[in-house]
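J.: What follows is each chain in one-letter form.
There are 2 protein chains.
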Amino acid sequence: MSVLFMSFSCTKQEASSESLVDSKLQGGHPNLILTKQSVSDIKSKLGTIPVFDKTLEASKNEVDAQIVKGIDVPVPKDMAGGYTHTQHKINYATMQKAGVLFQLLGDEKYATYIKDMLFAYAKMFPNLPLHPQTRSYARGKIFWQCLNDSNWLVFTSQAYDCIYDWLSKEDSDYLNKTLFRPYADFLSIETPQYFNRVHNHSTWGNVAVGMIALVMDDNELLDRALNGLKTDNIDPKAKDNDGGFIKNKEGKAGFLANLDSPFSPDGYYTEGPYYHRYAMYPFLIFGEALENKRPDLKIFEYKDGVLIKAVDALLNLTDADGEFFPLNDGQKGMSYYTASLVSAVDIAYYYGNKNPELLSVAKRQNKVQLDGTGLAIALALKEGKEKSFIKKSMELSDGSKGDEGGLGILRFQEGDETLGLLFKYSAHGLSHGHFDKLSFSLYENGDEVIQDYGLARFVNVEQKNGGGYLKENKTWAKQSIAHNTIIQNETSHFQGKFSIGENHHSDRFVFDVANPTFQIASAKENNAYPGTKLHRTIVMIKDEGDAKPYVLDVNKVVSSKKNQYDLPYYYFGQIIATNFDYKVSNTLSILGSKNGYQHLWNEGSGVVGDEGVQFTWLNNNKFYSITSATEKGDEIIFTKIGANDPKFNLRNDPSILQRKKGVKNTVYASIIESHGTYNAVTEKAAKAYSKFKSVKVEYDSDEYTAIRITTKDGKVKLVILSNKENSVEKEHSLKIGNKDYKWKGFYYYR
Amino acid sequence: MSVLFMSFSCTKQEASSESLVDSKLQGGHPNLILTKQSVSDIKSKLGTIPVFDKTLEASKNEVDAQIVKGIDVPVPKDMAGGYTHTQHKINYATMQKAGVLFQLLGDEKYATYIKDMLFAYAKMFPNLPLHPQTRSYARGKIFWQCLNDSNWLVFTSQAYDCIYDWLSKEDSDYLNKTLFRPYADFLSIETPQYFNRVHNHSTWGNVAVGMIALVMDDNELLDRALNGLKTDNIDPKAKDNDGGFIKNKEGKAGFLANLDSPFSPDGYYTEGPYYHRYAMYPFLIFGEALENKRPDLKIFEYKDGVLIKAVDALLNLTDADGEFFPLNDGQKGMSYYTASLVSAVDIAYYYGNKNPELLSVAKRQNKVQLDGTGLAIALALKEGKEKSFIKKSMELSDGSKGDEGGLGILRFQEGDETLGLLFKYSAHGLSHGHFDKLSFSLYENGDEVIQDYGLARFVNVEQKNGGGYLKENKTWAKQSIAHNTIIQNETSHFQGKFSIGENHHSDRFVFDVANPTFQIASAKENNAYPGTKLHRTIVMIKDEGDAKPYVLDVNKVVSSKKNQYDLPYYYFGQIIATNFDYKVSNTLSILGSKNGYQHLWNEGSGVVGDEGVQFTWLNNNKFYSITSATEKGDEIIFTKIGANDPKFNLRNDPSILQRKKGVKNTVYASIIESHGTYNAVTEKAAKAYSKFKSVKVEYDSDEYTAIRITTKDGKVKLVILSNKENSVEKEHSLKIGNKDYKWKGFYYYR
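From first to last, the protein sequence lines are chains A and B.
Taking our numbering, the leading residue of the first sequence gets 1, the next gets one more, and so forth.
Taking our numbering, the leading residue of the second sequence gets 1, the next gets one more, and so forth.
Each hint should be verified, as a subset may be incorrect.
Since copy identity is lost for identical chains, a pair holds within one copy or between any two.
[Stated by the list, open to error] Below, computed lysine-lysine pairings styled on DSS-like, alpha-carbon distance capped at 25 Å:
1. 363 with 660
2. 69 with 744
3. 392 with 594
4. 696 with 548
5. 363 with 684
Worth flagging that the hints you see were computed from the coordinates, not collected in a lab.
Computed from a prediction, not measured in an experiment: that's the story for all the values here.
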């Protein structure tokens, strides 16, 4: 750490330190993220706040290395992953850090570095045409898309704020006029199709314009950032690169509209956690900036404190390793260790209620934002104030008013053993949404058991379509068959059309986790296939004496006509046993011709009777089984992803798929169970067999569905689900065979 | 820890403790593994030797739990994994531990438990028929195969020794006569096809008989154990369950023969590390017993100390995580954390030269053998004497005289970054050998980069053929095409016949790792395909400025006639880019009809020119590339394992295969390179591209092969390999084109 503080002893820095004190008395910059007060607070603690000191030192090392390399502001040319793209990204990230270092360490070399680089940009910008790469619906100037140009401005604004008072007025006037105001106009007035939307891209645009507005004290720009352009002339039929409509249905735009609309009152961001994470930084950093400069706006109280709730929601949408559930277009592996979540956790801690559970996340992140919020975290961690962040079962509503379905998260935790299940009955999720109504995914200890495929993209891997979305994202990843849900007649929900899907959402029927040994989530979808009603109920049941729960999955389908229904489970690992006959072929053929089916190999299949099936597999040295009810004639198909994939863009993951043909109404009922372990060192297989003998649909009517579960040691349990009444108070009675059942509430389990 | 030592304060134990001191004065038991001296030494240290105390407590917990359950000696019935099989395994393991606990803690309940159980066995054994399961070539009585019956006796002998003096003479006479002597006769005289072989199974049999011989002081039995049966009447054509011949070619048998023959002078065990690990326990525990009771035999000096060398060799045959290279029939995941290696490391430390590097392995194992050797380890660890176990590049010869080829291991280590390459040019490896002459596998940081498939078996997973070898072990795993080596005309080496393969071995041509930046191993195989000579050279080259080395792989093939040659590389992960055209098909067909080819899907292929090919993939967030020379008309085929696999017994792993058709002589030359990383949190792809532009075969003759390597930044290097002269002193000169090259030694690199 000594490197950081030795510098204080040299005269030059002391002088500059004094000049900061002077300007403090006059008000002025920094006042965007760092403030004169927070700078003073931090400086008084430096060297005594381990996680802050460590983060600062890492930043110093990074910036110092860049300063040695010198200023490099190349003429824009390359796609994502290419040289000019990467260099401009390095530039804004370095400038932002250099600004912080200048304020906290007082070394003018950092200010000079920023100034020199800004002048280089100011020299280039006025004559820059649109970026030569033409792929984006909203081309940038420095980057191939406005989104990245906005990133640049969000970070650079912070650097600019840090040296604003250090610059001569002549210099700042020059930069305002030559670089920043035209830059902000370009991102807004000149690119309305980008700026004037409700979309995570636009949020970056709004915040970019808003941040520089605050630095320059430009109220016109700030109004534009908060409330959007008054007129934009966007074609209501225009679509972006992802196929999403550009024009907002309600005609809203600007930062506040982006806060209103994609966030539910619970803080769920309708595009899903991957984009939520991406949007989190501009939302919160601008929140902090507004709180500093325009506390009158009370931005953290906006929509009942949705900004803080959004951080909590996002942290709850992670597996045991902190990785986000890859809902919709989400790349697997992204986690709360990402920089935007460091910032989000720090800001949410500081401006929220100083929730000590956030400290334990910050502790795992092991870095902080270098401002007053990071200081607060570092001090609290130093004082050992953190509490475990316990992820509980919870529901997150979707829709700006919280009335467009949502997500049900069922969880179990005992010691280090965790199960997590995500059940999706939300709205479509804007242009990044997938056609996967009532789909789910299951996790054990941070590992996927029943997976959601995620997106078909290798972000920033240039060889794979420049790091952008792959064709297979549309032809495979978004399609219903790529998900653990019901597919009718080999077509995707809403015909796979965004224009239809965006108008609908599923509906929660029941979400009740009051009984930790019988946690139930149930939802309905009536629009995915006109004339067909889908009703899925997922229960996490922990029987007495069992180490962990199993999952009961019931899909009730009611249709006005006969259809083919498919329900795949995308597992991982190797097949250990099945209790039914099937045939494999000497050649592999594709499962279907379109809607994603063209990407599936049929690896083997069998037609079964009505005695049910059981399927056991081994993954990560754990044994899993699915035990399912069947009807005579059901087909079980082993599939593998990878057909019609000429560039090998897809992962070759397997599924087991249960198909019912020529059926109007039906019930799928399965138990998914993690039951045993394998140890490759002791070579012991423990509990390699399912504890279940069978799952049967005992009764099914409009009103009730009853499932009989029989274990191998002869225990029989009956689950009766009420299909219409979801009150916990309602009394029910039902005769099945000769037996009368009476109970209160929407389920019976005994 | 208090549980363990409180008991000393009670009168009963003190009495029994005293009686031990008495018998100590008279000589007597224990004297097999524990001795009166080591018991006394250990007891004086208990409570002050952390790793020993911890292991002892774990054993106590295990045994106490079994004692609560009571004695259960069921009538033998089940296969491996089944109830009676598992119970008898638990019984011998528990008895062995209980014996130790009785000696070290002095609590008679442990002695009583052993006695009661032995009497239950003694009651059952005389009337036991052969085990009802008939699958084994050498059926046992308690288990389905004699191998497991031998395991029982090896462990139970130790328990018996621990209570021998505590039993009345009447009782020990009864057990000797009714149980142990007949048991030993059954395993030897009555099952010569099992006992009188050179094979890991027989080692267990020899040691079982030898251990009980030492306990009973039965010299006739001991002679039988050490030197085998004088006559056995084994049919020379008889084979075991794995297809191996039973009768030893030289007619040798017994423990000493098993020490002579499968071990090379370097301590390499010809069956490979997986079976080496399995055999290690009986070899070393009997070594210790002989050293205790028959020090005159100087067993640890036998064959120039091969028992200790064998432990060192085995530890060197592991990846960075301590997992054994899965040569031949090896199950992946088995590692030096297995119990037999705990024992082996402790014994090798104690009876070897107290090598402090072994202590660091013991430290990772975090448990010790509960005897004098474990005490020595625990004391040394307590004193902090351990040194890192550095795995160096090394060659291990194969063959009892070290003249039957061997293994070349090339390694690189810098900090935590490691590369390990295993090049196999050994003998066949008895019945567990694979037909993979000159094959190799490559590891990075404990992860497989270019994999060896291992075996086709799920050990002890009952659903998979009772845990035994799967049919696909023969049809796939043993075949040449399952390995990273040359296959001619879609037939395996030696026609896939053990009877041919066992007569041959490859030959080292060069093994030179003197230069850490140019480590070279080269070997020849002239018998796999009569009329064809295979010569492979693998070099690990670290160029200046590179963080880690790359691998140059050169296969020179010379034949008397035209053939088809295939060279697959079994990589893992996802294809990122290729620089050649290929086609994928709408249906997948199998690559061939037999010799393993029937298990490969052809996922796509392309015919290429002579400009070479490059192939980049991503696995474990690392980017790898293979850059290969090609000749016009070469075919590149993407394969995936899994065809003709009706029970889904195989893993669906991919390979990229280079095929040359209608060619007599040829050279394959490729570079395999780990060059970049992907970070899913920062979404940064670093060095996603290979640094190489091309690899070309510049020159090839009987005498020399020259490879030209060109990097993307225009550097050109030439590697010239001498194909006939392997002296480091020999001077060479060669004209290629207009240029003269002169050098000394078997390679030129500049």
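J.: When the hints from earlier in the document are held up against this structure, which numbers fail?
T.: Violated: hints 1, 2 and 3.
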